[in-house]
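Chemist: If you're matching them up, the sequences are chains Z and B in order. The first sequence begins at 273 in the working numbering and counts up by one. The second sequence begins at 273 in the working numbering and counts up by one.
If you are wondering where the hints come from, they were derived from the structure by calculation, not from laboratory data. Heads up, a few of these hints could be off.
Each pair may be met inside one copy or between any two copies, as identical chains are not told apart.
[As the list claims (entries may be wrong)] Cut-off 27 angstroms, straight-line C-alpha distance, at most; resulting in silico cross-link-like pairs (DSS-like, lysine-lysine):
1) K744 - K717
2) K744 - K320
3) K523 - K675
4) K605 - K320
5) K523 - K717
6) K821 - K344
7) K556 - K376
8) K605 - K717
2 protein chains.
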Amino acid sequence: MQTNTDSGHNWFSRRQNKERRMSDLSHLVDGSIIPTENIVAAMEQLIKPGDKVVLEGNNQKQADFLSRSLAKVSPDKINNLHMIMPSISRSEHLDLFEMGIARKLDFSFSGPQSLRIGQLMEDGLLEVGAIHTYIELYARLYVDLNPNIALLAGFKADRLGNIYTGPSTEDTPALVEAAAFRDGIVIFQVNEIVDDVSDLPRVDIPASWVDYIVLADQPFFIEPLFTRDPRLITPLQVLMGMMAIKGIYAKHQVQSLNHGIGFNTAAIELLLPTYGESLGLKGKICRHWTLNPHPTLIPAIETGWVESVHCFGTELGMEDYIANRPDVFFTGKDGSMRSNRAFCQLAGQYAVDMFIGSTLQVDGDGNSSTVTRGRLAGFGGAPNMGHDPGGRRHSSPAWLDMKPDDSLLSKGRKLVVQMVETYQDSNKSTFVEELDALAMARDYKMPLAPVMIYASDVTHVLTEEGIAYVYKAESLEQRRAMIAAVAGVTPLGLSQNPEVTAQLRRDGLVAYPEDLGIRRSDASRDLLAASSISDLETWSNGLYKPPAKFRSW
Amino acid sequence: MQTNTDSGHNWFSRRQNKERRMSDLSHLVDGSIIPTENIVAAMEQLIKPGDKVVLEGNNQKQADFLSRSLAKVSPDKINNLHMIMPSISRSEHLDLFEMGIARKLDFSFSGPQSLRIGQLMEDGLLEVGAIHTYIELYARLYVDLNPNIALLAGFKADRLGNIYTGPSTEDTPALVEAAAFRDGIVIFQVNEIVDDVSDLPRVDIPASWVDYIVLADQPFFIEPLFTRDPRLITPLQVLMGMMAIKGIYAKHQVQSLNHGIGFNTAAIELLLPTYGESLGLKGKICRHWTLNPHPTLIPAIETGWVESVHCFGTELGMEDYIANRPDVFFTGKDGSMRSNRAFCQLAGQYAVDMFIGSTLQVDGDGNSSTVTRGRLAGFGGAPNMGHDPGGRRHSSPAWLDMKPDDSLLSKGRKLVVQMVETYQDSNKSTFVEELDALAMARDYKMPLAPVMIYASDVTHVLTEEGIAYVYKAESLEQRRAMIAAVAGVTPLGLSQNPEVTAQLRRDGLVAYPEDLGIRRSDASRDLLAASSISDLETWSNGLYKPPAKFRSW
């Protein structure tokens, strides 16, 4: 036996480092409270060059007081930070790089800022570690991206640091645990500080995980990303929704599901209480949901279609409605929702029958991406929802329906449905020869293309032309023919062989509306259970309070 | 627009039901505290026939006071329960079914009780909902298996119900959240009740998620499942460990990993500071770990190989060692570990390069299972660790090394290594014509066989004969030949064509020890950094306190 222990090794360096930084701060704080006006000075004491910093830009809520404050520190004092952020959503997130405060970025999603990331990379100011899905970014926090600092947002705190995150719990539990339990420094901005824990509606994060709280100069920014106005749903989307319900949901007896965001899936949500009802499907399909609280789901909930909804995050305006539907939503003793993106991502991967969502580009094999050239938009959650989780071992009727043969060694599959119109607009075909993601990979010298959902994971392609049941394809060639058969008058669609398509329809590999007993002329907006935001408000008995931007009355 | 709302619908039925049950209990409780002697009577008030009940039998710790108490309720009052349990570990777990208190079971793992489950099924006393992996069972708690009651275990509570779970946090956060936020009733047994929250080392679960606490009649049961005595490691396992380090870890630059439990992987852990050091690999491989705190990892930690370890659960005897190595382990402000099986499962799926583990049977294609006939042993976590997560989008050098070609549409893969001796004992070949799991599926009329790891997920098969780099196989036939080439003198191994095997070795598809520059005669137990439990204790400077059953001095 050899015992080459370096007995002089210090195994407490992270903790001592944290204690040192905190002790240097004592003159600027009042217990756990950083006075609002001291936040920049406090950051300059607590954060050191090169630190790994988690900043809660997440899908909806933003720790924006903290991000704005971080952008005010002196780059002479704090620089070369390694930022770890679920979502890059605000301009100051990237100002950090322009100013030299930060240098490296690991992230999951960037909507409006995606073009600027590319520019900063070209200018040599920003180095991307990797682009992740949400859940793999959380995962890395526990492995090789462990944060020194976590900057987070909550609704309320008591003076000890117990946190009420409110209905928008979202990413917070996954982010805070990685820092709190590895001697990282945890700072929460909150909208309100109360004296005692008993003054909080409930505790979402215990004070013993939190180092500092700071009252923000204004409530944290939150955006209604999941509201779709029914007025903008087209008859074509109604037709696609009818096909989805009859040709996929009912056919496979889909009990539990996740809807991506968009007008296509909003149409389905609004067709359940009408078209779905007329098919006698209530109680037979769509009983359990993992999704953000889409306002367009209200009519289905009110008519008794929905047994449960577990949410990634919340949606502005839905707070009172959710609090008054605790039989459906996950709520605390205080009545408000508890969302949790990490657990909802788990649920959506391992416990639901189906994912259905839209995309911007689909190639002839069925690979898809929302990436367009120059925009490093990231992945968000779609690749996780839109794949067949190979670690699943329990079955359900829909899952088993995807089993390719009777072998005991064959598995079922999660249904992954791509629901797209063949044209994005009059000039832009959804079906492309090559995904822009490939050009992107070549431009940025990525080892692989940023594909959102791989062909091998897709089970159905649904367009206004029909449904391709691609899980039944016996060869790549047949798969391509099936996709071409529903690609309409796009170049891919025009390449189809009419005889092959006719045979695919006879064999049940492709179904056009008429094959499903659906008349195109029946696909009217009149079938939607709500035709406006105002209708949704009415359905909710006034509990849904649409944000001003969606009001038109 | 139609508004068919059933305006008389009660959306608060779950909450009212909970309030009613709790109010009926007021005479038996003191605030949040159920007096120990009242637990059976309290259960008879709180639990109703047909309830979905989560019971924390998990991998290590057991809410055994609550399970023993539940087995004492009157089956006339409580019957037909639907039990949801990560692990069936104790006899009273199944007594519940024999007595008619419970009827349906959803679970993940059952070690010693697996034979009895099959018997109870045959007797018509137990109906299995499904057998899951841990993480998919948690996932279903948020979808269609939402609990009415959760029976959980913690170390300490204050009088309000704030819980300190101790280093064995494990499954608790995932289980409690599903009940607490959908009007389930949450009951914790604890080893100690303190007056005030400030008397707790830290808070792991806030009181606002907890309904009742009860002082257990004795500390909860916890078993050291992950301790392997180095004395029992054989020279053959040393040889396999050397091949793993040189032919897999070093070859692919594995930075982050999960080790399954067993003597094979224990050998690797003990070879890193010796053989690994001699190859100059320190700091280049095995830096980040997701695994339970194996005592055999102590020498690698002490010699500076290990930067971080995130744990599913804890291991008896390792508490002080962990608390004194906070630079490596995830610990709270109080110093003790925070484990978390849900997050560690996430980390192991989405953030590590490799899983390596043993199994009992491998078929010629590379499918494997630990199932033997009549024993419904369940899956645990191996299928999740041992698969390629299709939702991963970031890359690492090892992951990219599995990329089959240069196409931008090709992905890397997680390394999934099956490490087995060709014979379990002198009569039992590990390589079989057909897995027993298939006979099991036929016996119990399962829709698919309980396969632990599918061939399509395996990248390497490692035996004492050599390594088959099966991720390189270009056909199923070649794959079979590669596996046969390392199957020794098993029937499968004897079926190999020597010329084919020679070619596979020349092509780098199979490597024997000599191909890796390893002499079989060098594979001595002397290479192990520790040869006994006592050695491990010495390495730890007395911080590791081996449980009595592992002490022999």
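Chemist: If a hint holds in the structure, say so; if it does not, say that too.
Modeler: Hint-by-hint comparison with the structure:
1. K744 - K717: Result: close only across copies, 25 angstroms inter versus 35 angstroms intra.
2. K744 - K320: Neither: 56 angstroms inside a chain and 45 angstroms across chains, both beyond 27 angstroms.
3. K523 - K675: within (14 angstroms within a copy, 37 angstroms between copies)
4. K605 - K320: between (40 angstroms within a copy, 21 angstroms between copies)
5. K523 - K717: Close across copies (24 angstroms), not inside one copy (43 angstroms); limit 27 angstroms.
6. K821 - K344: neither (31 angstroms within a copy, 59 angstroms between copies)
7. K556 - K376: Between. Shortest inter-copy distance 22 angstroms satisfies the 27 angstroms Cα cut-off; intra-copy 49 angstroms does not.
8. K605 - K717: Neither: 51 angstroms inside a chain and 43 angstroms across chains, both beyond 27 angstroms.
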